[in-house]
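Chains as they are written, first to last, in our numbering: chain G, 1231 to 1478; chain D, 3 to 445.
Keep in mind the hints are simulated off the structure, nothing from the lab.
Backbone N, C-alpha and C fix where the C-beta goes; we use that ideal spot for every residue, glycine too.
Just so you know, nobody snuck in bad clues.
Coverage of chain G stretches by chain D, computed from C-beta distances (three or more under 8 Å per stretch; other residues unrestricted):
| hint | segment |
| --- | --- |
| 1 | 1358–1367 |
| 2 | 1396–1406 |
| 3 | 1433–1446 |
| 4 | 1449–1458 |
| 5 | 1461–1475 |
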Amino acid sequence: MQNLVYIYDGSFEGLLTIVFDVYIENVFPQVIVSEEKYIPNILDTTKIIETNFEKSKRIFNGIVKNISYDALYHSYYAFLSNDENKEINIVQYLVYGFHAGPKINTMLSVNFVANVHYMRKKMLHEAHRLKGLLRFQEVNKNLFYASIHPDNNVIETVGHHFIRRLPTQNFIIHDKNRNILFLYNTKDYCIVPAENFNIPQITDEEKKYQKLWKSFFETIAIKERKNSKLQMQFMPKKYWQDLVEKNV
Amino acid sequence: MEIVDKLKILADSAKYDASCSSSGSNRGNTKGGIGNGDVSGICHSWGADGRCISLLKILMSNCCVYDCKYCINRCTNTVPRATFTPREIADLTIQFYKRNYIEGLFLSSAVIKNPDYTMEKLYETILILRKEYKFNGYIHVKTIPGCSQELIDKLGTLVDRTSINIELPSEASLKLLAPEKEKAGILSPMNYIAKNISISKQEKSIHKPKFVPAGQTTQLMVGATPETDLKIMKLSESLYTKLKLKRVYYSAYVSINEDSLLPALKEPPLLRENRLYQADWLLRFYNFTMDELLDETHPNFNPLLDPKCDWALRHLEQFPVEINRADYHTLLRVPGIGVTSAKRIITARRAFNLKFDDLKKLRVVLKRARYFITCNGKYFDQIQHFSETFISENLLFLERLSSENQNSFEQISLFTNFNKDLNNPHSLLPTKEDKVKALTGSL
Ligand code: SF4
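Turn these sequences into a full structure, and let the hints steer you where they fit.
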């Protein structure tokens, strides 16, 4: 049996284009994968899907109109997760959603519905975690830089959080796993690839506050209750590399 | 004295306060201001003891005129003393906030000179933050028992949360170990604050600043005095129902001072503290009453089983529960089924009848629950017996299994119990607190 594989450009619009084609042609691929991640295999029948903005826009509006806003959020957030099977699950979820309507989100015992909900949750969970764990360092007067290494693509969600919170502060968030930047200059923001980007040096003032924070961090724990396991459970090691308090 | 030295002394003194929650504030940012609240709270780090760090938790001063026996800062101790100026605290808060170390400030203080003087200084600090720096992040300030109502009123409209720690769960213990506080009166300011909060809640005008919008909390110390679990939890229950407290924290007593009036504990009673948090959870979100959980013949929780399992085993007549029919509150009483699972079950069964396999898809953990439920009248897999001995043996076996993987029972039972966020209420609550709120409308 040959595998029918759809290859797309990795964008959300690209994925919605696939939803359009699948809905119209009523043919489901076995696998959907971005061109970046695709590893050629002779057993595959591949079809390259060109992103089509007309089609993706119709699907986008169709989701809101015929399924629900919730379904749009569910699929977009699931799309931002790092789950390997996200594409096929989202496409099944949406195509089926067009038949089922808004009640699709109550069908939690259906595999792809449960999966999409779970992926969304996973992505939002990590975004929430990073809203707390992200550390800004002052690299210039009123310019702050933060590096993160998230599993899921959380930069947009996290960036918006900080625009609301620190609107008068210029900042750069650097997703080092994807090598992309979220730039904000107190008016506008954009997300760009981090090409030829040099990580800036921190200021002296910054060193002072890092030292203060580390002292606080060490002092606030109760020695008699030491519990490294619990600390690690809440704050997994993979996040430590970007934490001021965990680095010298 | 350098700021860093002050910080060390005054954070060290504040660390025994369990509260570090930043939930309950939906304060928005203002024009040209800095910061906002996040209703479900955000944890920024976790200390070496595994407790969440959400706020800059410090004392303004540890120069105390009182002599509470259990406290490191009692006036009769010789310890390094320090006092922050209001400006120092405000600057530190802002600089930490800009770097995203914290959600805001939790400011407490020893009693400097007298309660009013101390409150004035706290007020001055918060005024700088809110008015001068336009800081809209989270602020939790202790109320000093014995201060004037006028100061409570002024501070209440600037902060998100306030608390007075009762610490000692009975009048007798208070009299013995914290005589000055007992005289100043702890419950009367709590009453006063509760009254003001409820008046402010009914206020329609959006221009009037809300009074302590994220509510008041308190802390009870566990293990320093002879009160039973029943006595402690009865107190909590009435604090929740009568004073509408947002949270009661429990803190396992750590022996700091040698005093003939205090027990010399080798280790803080962490397991007991955990049981109290579990029971507290059952009161607040699961509609249990204390009378169901403990009575005079069983005044303390079972160290081997969590309070919900323990209760279920004593009430097998209420089980098994049919997953496809039981209402929300009945589902919540099943060991192993929490708020999220119960909610998912209710949603999913509207679309389709549920079987055990479906429960797995819903990510309902069946480890404990399977002994207490049926799906379409059928028990889980090989379970045929529905008897107390069979179930309790299995549940105890589960507990033992998990504790064998760890060095000590104490440690494991603390954190792998039916709800992993019990012990650290502020940490996982974020999303959960929200969901619970949607369901019960009670927060
Ligand atoms: S009032 Fe009592 S508990 Fe508070 S700092 Fe003074 S001695 Fe310690």
